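Trainee: So the protein sequences, as listed, match chains A and B. Residues 1 to 94 (our numbering) make up the first sequence, in order. Residues 1 to 229 (our numbering) make up the second sequence, in order.
The set of hints was computed from the structure by calculation and includes no laboratory data. Bear in mind that the values here come from a model prediction, so they are computed numbers and not experimental data. Glycine included, every Cβ here is placed at the ideal spot set by N, Cα and C. Each hint should be verified, as a subset may be incorrect.
Said to hold, decoys possible - Rough simulated footprint, nothing fancy, chain B against chain A, three-plus residues with beta-carbon under 8 Å:
| id | region |
| --- | --- |
| 1 | 30 to 38 |
| 2 | 53 to 59 |
What the hints assert, rightly or not - Stretch by stretch, here's where chain A covers chain B in the computed footprint (C-beta under 8 Å, at least three residues):
| id | region |
| --- | --- |
| 3 | 8 to 16 |
| 4 | 25 to 39 |
| 5 | 42 to 49 |
| 6 | 81 to 91 |
| 7 | 145 to 153 |
| 8 | 177 to 185 |
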Amino acid sequence: MSAVLAVVAAGAVTYALRLAMPVLLAGRRTPPLLERASSHLVPAVFAAMAATAVTSAPVLAAACATVIVTRRTGSSGRGLVAGLPVLWLAQAVL
Amino acid sequence: MPTLASPSSALRDGARAAVPWLAGIAPFGFVIGVTGAERDIPVAAAWLTGPLLFAGSSQLAVLELLDDRAAIGVVVLTTVAINLRLLFYGAAMAPHWSGRSPAWRLVAAAVLVEPTFAIGIDAANDERVADPHRHYLGAAAAVAVAWFGAITLGMIAGGSLPAWLGLGAIVPLFLVGELAARPRSRASLAAIVAGGLVALAAAGMPHHLGTVVAIVTGVSAALVVEARP
């Protein structure tokens, strides 16, 4: 029961984090700096989350294949599909 | 000029926009389900991390903490640290949600996470999307179904998948692909390079705070580059 309570508590604070800014900024003009910063949030977040995971040689090799195929096809899904066999091959040989 | 979209078509378009993401998040959800099944914690608690947290990295952290019998306070503080980035997402979406009803914002906030944020902010800034709000909810519905389904399957499958599949690498590879697919400006390149480098440098910070530092640094770098003539 305490485990469920812990998850409920963690869920409640997570929801509060999600809702805080839409509530606080409701009806107010968004500060220009915040508006400009928001447009750069996605690349910063994705880079921060991916960087710490792309540190082993197999994952790095797979990431390179993913980038190449994605740039050529314009599809991140195809890039992922291309990266996985490179990952498996690199894990086997490296 | 956006064409008039029916409510159902706007929802479907949003769900369709989420499809590329599903390939990345479904394996991650599966890994979380497997982790939940392998840990010595109640099944209900493990599964509930899906709908109540709806954020993979914090779900994994909570599962590990519960397995270690950590105090509720520790679980909550760790969750706050890992999910602090959601505050930024809410700030970015706030101007696009300001005309919506409180009830709508309550629902929309509950499903705000990387895939829905990325799709939502793109739709809000794309004049071709006639109904960005329903587009966002359509994407959220697709993500939620895939996420909960993957977690459930993972809990059922348990530890029966071979390690060589490298399921843990799928989400970072997908994020790398998403970065490669986006149009690049000097500012966005600055965000990517600064965010990535600082994330690596700050990887040792406790409670995943390095991610928050990296995000702030990446955004700051982009603003600096953008301000230069």
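Trainee: Any of the earlier hints contradicted here, and which numbers?
Mentor: Those not satisfied are hints 3, 4 and 7.
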